[in-house]
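Participant: Numbering-wise, the sequence shown is residues 1 to 153 according to this note's numbering.
The hints are simulated quantities; they were obtained by calculation from the structure and are not laboratory data.
Take these hints with a grain of salt, some might be off.
Here are the simulated DSSO-like cross-link-like pairs (lysine-lysine), alpha carbons at most 27 Å apart as the crow flies [unchecked claim]:
| # | residue 1 | residue 2 |
| --- | --- | --- |
| 1 | Lys44 | Lys20 |
| 2 | Lys70 | Lys44 |
| 3 | Lys137 | Lys64 |
| 4 | Lys64 | Lys20 |
| 5 | Lys70 | Lys20 |
| 6 | Lys64 | Lys143 |
| 7 | Lys139 | Lys64 |
| 8 | Lys139 | Lys35 |
| 9 | Lys17 | Lys67 |
| 10 | Lys139 | Lys79 |
| 11 | Lys17 | Lys75 |
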Amino acid sequence: MPIQSLISRPSFEENPKLAKPASKLRTLLISIEKKGIPASVESKINEIMTGVNEFPGPDPLLIKQIKLAKTSILKLLEKELNIFPKNHFQTQWMALGMSVFGLPMGVAFGLSFGNLAFLGIGIPFGMAIGIAVGNSKDKEVEKEGRQLDWGGE
1 MPIQSLISRP
11 SFEENPKLAK
21 PASKLRTLLI
31 SIEKKGIPAS
41 VESKINEIMT
51 GVNEFPGPDP
61 LLIKQIKLAK
71 TSILKLLEKE
81 LNIFPKNHFQ
91 TQWMALGMSV
101 FGLPMGVAFG
111 LSFGNLAFLG
121 IGIPFGMAIG
131 IAVGNSKDKE
141 VEKEGRQLDW
151 GGE
């Protein structure tokens, strides 16, 4: 059973704010089809897409609906199949690195120099650590064949 695609509407071409999320959702669905997933997950994705295609609301609400559908599909793939989009862990660990490693390092720098204005020095170090850890996790997922060929977060 193929995955249901996003039905085109005239407002997709008229409204650029609507065209961008619609394009991202279309490319996500195409990359999922290339990956080859079980029929049970395909049916859940088709249920989500039916809700988007039959949405009767105005464009601003449709934008929210499309973004919600994209997020729901990505969470479903992560939960059911352990499939992640490109750079998923890099973005996740970058934020973690800044908060978990960077801020404590910044506090240590600030206290050692006697001036808490140096608090921000640790954040780039934490970001670099987070990106490095995230990249290694992304490479591991790619090696195992659990990476979705889609990077349009």
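Participant: Which of the listed hints are broken here?
Facilitator: 3, 6, 7
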